[in-house]
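Chemist: Residue strings, one per chain:
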Amino acid sequence: MKPEFPHKDIIDPDQFSKKDLETILSTTEYLITLQKQNKTQNILKNYLMASLFFESSTRTRLSFETAMLRLGGQVISTVGFQFSSISKGETLYDTMKMIEAYADIAVIRHPVEGSSRIAASAVSIPIINAGDGAGHHPTQALLDLYTIYKEKGTIDGLKIAFIGDLKFGRTIHSLVKLLTHYDVEMVFISPIDLAIPEAYRKELKKKNIEFEETEDIKAFWDCDVAYVTRIQEERFVDKDEYERLKNSYVINKSLVLASKKNTLIMHPLPRVNELSTDVDDLPNAAYFRQARYGVDVRMALLCLCLKVELPDI
Amino acid sequence: MKPEFPHKDIIDPDQFSKKDLETILSTTEYLITLQKQNKTQNILKNYLMASLFFESSTRTRLSFETAMLRLGGQVISTVGFQFSSISKGETLYDTMKMIEAYADIAVIRHPVEGSSRIAASAVSIPIINAGDGAGHHPTQALLDLYTIYKEKGTIDGLKIAFIGDLKFGRTIHSLVKLLTHYDVEMVFISPIDLAIPEAYRKELKKKNIEFEETEDIKAFWDCDVAYVTRIQEERFVDKDEYERLKNSYVINKSLVLASKKNTLIMHPLPRVNELSTDVDDLPNAAYFRQARYGVDVRMALLCLCLKVELPDI
Amino acid sequence: MKPEFPHKDIIDPDQFSKKDLETILSTTEYLITLQKQNKTQNILKNYLMASLFFESSTRTRLSFETAMLRLGGQVISTVGFQFSSISKGETLYDTMKMIEAYADIAVIRHPVEGSSRIAASAVSIPIINAGDGAGHHPTQALLDLYTIYKEKGTIDGLKIAFIGDLKFGRTIHSLVKLLTHYDVEMVFISPIDLAIPEAYRKELKKKNIEFEETEDIKAFWDCDVAYVTRIQEERFVDKDEYERLKNSYVINKSLVLASKKNTLIMHPLPRVNELSTDVDDLPNAAYFRQARYGVDVRMALLCLCLKVELPDI
Numbered sequence: 000m001k002p003e004f005p006h007k008d009i010i011d012p013d014q015f016s017k018k019d020l021e022t023i024l025s026t027t028e029y030l031i032t033l034q035k036q037n038k039t040q041n042i043l044k045n046y047l048m049a050s051l052f053f054e055s056s057t058r059t060r061l062s063f064e065t066a067m068l069r070l071g072g073q074v075i076s077t078v079g080f081q082f083s084s085i086s087k088g089e090t091l092y093d094t095m096k097m098i099e100a101y102a103d104i105a106v107i108r109h110p111v112e113g114s115s116r117i118a119a120s121a122v123s124i125p126i127i128n129a130g131d132g133a134g135h136h137p138t139q140a141l142l143d144l145y146t147i148y149k150e151k152g153t154i155d156g157l158k159i160a161f162i163g164d165l166k167f168g169r170t171i172h173s174l175v176k177l178l179t180h181y182d183v184e185m186v187f188i189s190p191i192d193l194a195i196p197e198a199y200r201k202e203l204k205k206k207n208i209e210f211e212e213t214e215d216i217k218a219f220w221d222c223d224v225a226y227v228t229r230i231q232e233e234r235f236v237d238k239d240e241y242e243r244l245k246n247s248y249v250i251n252k253s254l255v256l257a258s259k260k261n262t263l264i265m266h267p268l269p270r271v272n273e274l275s276t277d278v279d280d281l282p283n284a285a286y287f288r289q290a291r292y293g294v295d296v297r298m299a300l301l302c303l304c305l306k307v308e309l310p311d312i
Numbered sequence: 000m001k002p003e004f005p006h007k008d009i010i011d012p013d014q015f016s017k018k019d020l021e022t023i024l025s026t027t028e029y030l031i032t033l034q035k036q037n038k039t040q041n042i043l044k045n046y047l048m049a050s051l052f053f054e055s056s057t058r059t060r061l062s063f064e065t066a067m068l069r070l071g072g073q074v075i076s077t078v079g080f081q082f083s084s085i086s087k088g089e090t091l092y093d094t095m096k097m098i099e100a101y102a103d104i105a106v107i108r109h110p111v112e113g114s115s116r117i118a119a120s121a122v123s124i125p126i127i128n129a130g131d132g133a134g135h136h137p138t139q140a141l142l143d144l145y146t147i148y149k150e151k152g153t154i155d156g157l158k159i160a161f162i163g164d165l166k167f168g169r170t171i172h173s174l175v176k177l178l179t180h181y182d183v184e185m186v187f188i189s190p191i192d193l194a195i196p197e198a199y200r201k202e203l204k205k206k207n208i209e210f211e212e213t214e215d216i217k218a219f220w221d222c223d224v225a226y227v228t229r230i231q232e233e234r235f236v237d238k239d240e241y242e243r244l245k246n247s248y249v250i251n252k253s254l255v256l257a258s259k260k261n262t263l264i265m266h267p268l269p270r271v272n273e274l275s276t277d278v279d280d281l282p283n284a285a286y287f288r289q290a291r292y293g294v295d296v297r298m299a300l301l302c303l304c305l306k307v308e309l310p311d312i
Numbered sequence: 000m001k002p003e004f005p006h007k008d009i010i011d012p013d014q015f016s017k018k019d020l021e022t023i024l025s026t027t028e029y030l031i032t033l034q035k036q037n038k039t040q041n042i043l044k045n046y047l048m049a050s051l052f053f054e055s056s057t058r059t060r061l062s063f064e065t066a067m068l069r070l071g072g073q074v075i076s077t078v079g080f081q082f083s084s085i086s087k088g089e090t091l092y093d094t095m096k097m098i099e100a101y102a103d104i105a106v107i108r109h110p111v112e113g114s115s116r117i118a119a120s121a122v123s124i125p126i127i128n129a130g131d132g133a134g135h136h137p138t139q140a141l142l143d144l145y146t147i148y149k150e151k152g153t154i155d156g157l158k159i160a161f162i163g164d165l166k167f168g169r170t171i172h173s174l175v176k177l178l179t180h181y182d183v184e185m186v187f188i189s190p191i192d193l194a195i196p197e198a199y200r201k202e203l204k205k206k207n208i209e210f211e212e213t214e215d216i217k218a219f220w221d222c223d224v225a226y227v228t229r230i231q232e233e234r235f236v237d238k239d240e241y242e243r244l245k246n247s248y249v250i251n252k253s254l255v256l257a258s259k260k261n262t263l264i265m266h267p268l269p270r271v272n273e274l275s276t277d278v279d280d281l282p283n284a285a286y287f288r289q290a291r292y293g294v295d296v297r298m299a300l301l302c303l304c305l306k307v308e309l310p311d312i
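Chains as they are written, first to last, in numbering that gives the first Met the number 0: chain U, 0 to 312; chain L, 0 to 312; chain P, 0 to 312.
Chain U extracted, bound-state conformation (with noise of 0.2 Å):
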């Protein structure tokens, strides 16, 4: 089995279709079959992935190396300041000819927004973003799509709240972007100073997504989805303002109990206070699962990258 796929690349949400999304979600799911068979580790044999932290992201790190490990790939790591040739003033374009040169395929996260398009024409592997600063993180919107659709059955028909920074947070804005390719309803939370950015709005309504904004954190009661994020202090000018609304965004056990549809708590961690852990024993709460299905949805995206055929079911 070999699943269509037309990019070399995981660059940026834009560069999806429908079709690349309903592949990239279906092919996950057979990996998780596949693994239940113990059927993955020789998917990646011989192939050795370079995973270039050019900033630290533990997490996404150890996700992304665990799913190449899983597949029976190998792995070549590196982590920032390590990057001694950086400091002697090299640039990307010239350490990602190195990096051609070892691995099959890499990882990059970087600062710089934009860095992750540079290396990946610099070089024939392919190159998926880890995160480029300001700029996207589309394998963190791929797996809470994922997780969207394992724990509810569906993506389409759903009404899914987003709360907390929705000016500046980077994990939101690429999986609103994802989401539009769906039928569903958006219910946006935060501070009118964290409000969605209008190109966002802008974006639904030519795209006929319906959607609505408030300051009511209540407002995630009748929805099927509710996806927290931090507000951070530093992005208040007024500090004031902060302390005020700071606890009005703590998603807590009876919060998430007054829900009226079993509301699905996603969040993409790390957590500090703006979801508290009495929540974690509770079923709604999906965001250690999340966990787990970003390790799967990695599988599934260096498989779809390499375009390699998959063992049968």
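Derived from the structure by calculation, the hints contain no laboratory data. Incorrect hints may appear among the rest.
The list treats identical chains as one, so a pair stands whether inside a single copy or across any two.
DSSO-like cross-link-like pairs, simulated, lysine-lysine; straight-line CA separation at most 30 Å [stated by the list, open to error]:
#, residue 1, residue 2
1, Lys35, Lys206
2, Lys44, Lys1
3, Lys96, Lys206
4, Lys18, Lys201
5, Lys1, Lys260
6, Lys96, Lys44
7, Lys1, Lys35
8, Lys260, Lys96
9, Lys1, Lys38
10, Lys44, Lys245
11, Lys7, Lys35
12, Lys17, Lys35
13, Lys38, Lys7
14, Lys158, Lys96
15, Lys206, Lys149
With chain U held as given, fit chains L and P onto it using these hints.
Modeler: Leaving out everything else, chains L and P in the frame of chain U:
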């Protein structure tokens, strides 16, 4: 062959019964035989170990990673400063829930006492404590125990000296605890200010284990084993006292050759100057062999915690 | 097939006879053929390499780790600052005795000249010097030699230019030493202040190798190979002199196209501005291919030091 082992985790030397210790020693022996027969390479195939070093300990980390790789397993690894999510305020509980999604077993080194127990209770995968602050370092104690057993052919009946900083020496405390399960005699050799704490003296008396305390370094001459540790300058309030003592506690070749029982010299390493390099070539010098036994014992612990079937000899 | 190789370690370019160099070149060729036939993946199965980088060198570390993994071997890895035991005062000798307990072969990068030789004499496992301070970096010289051989089909009869900092350039010194085993002609192009040291001129004369020295960059036009290195500002006492010279030693496309012998352009990388990116697309530009040859040559060195049998072609 599947040894009986009632523990999920390795946290604390107090957790082991005499029977557990016997199982660990015999499983280590068994694995050494399997290694000679080239039969270890598939034992942990498809198992993934997370190597989580919230503080650096290269020796211990490489020992565990070697053990895992020699068993055919795979490793994801991270050291201290790299835990970017920790610096964002993530709790150890949340970090471990993430790791549980990735790995089948985790080895954890952490600066805070008790953290490995917290980690173990957070997750269903086995956790091995590789040292938690002023707390325990049980795998070091187990490899010390195995070294005595392997080199002397027995533990019962031995007279064992401990030399150096017996007050703060974590490895000595843990080893003393394990040895209380055996019929041994102990000799504690240290400056008075660095004597073994009262709690240990009490426990030894309660268990009817004979011991003596002395400042005289020569007391190891009629011991079967001498376990040497460093006297750290920073432990002394009175620096003159340190200057007076530091040279009294240096084990060198002539001292070792004067021993009446061909005393086995052990040291947890790294050493500084409390153990002269002229001892290295004596057959008594067991400390470099200890490093190799460390890998063997950790292989056994990985197998025991993961409850895997071992191949026949 | 088991090539004859009389060395345990790779420490210094001076250790090799002409026959050794021929063995290294032919074993590299052989491994490239095996790779094309997918026959390298079991050659170092069950072998473990310790990657010990007491200082950062990402390029070299990843090259060695890739080589080991492509041969089916396993890697334990550590970089500089992580050597916690070193910071506690451990000697390199003791560190290596520990590593010997873990690994079958070790690659060592260390800031102090001569340290790889100390490491090699401490242990019975093979040690490969991956650069020791102002000392040697023999694997770089060997991959440079292989690059010339591979790209030109021969080494004998070639005229080879060295451009840039010939006084302090370690890679150039090592390569010059290796080339004295061949029938070549050399052209040293540098500012007078950065001329090749007298010791090398003497050796070349002694071995009757023809060479010329010049400040004129155009002297590479009738050479078969030009090995370009950086001129470092910090080497100049007189900064005006640096300003005057720095632009004279920039290799760009028009300079390369003016060469009469289609000169092959090599560079150890990373480059800064001494080699323009407009050269990259010329077939003459060998420097990115050098990186790939680096993996091949290191695969050969690992096999040769470990004295393993190679599969038939």
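Chemist: What hint numbers does the structure not satisfy?
Modeler: 1, 3, 5, 10
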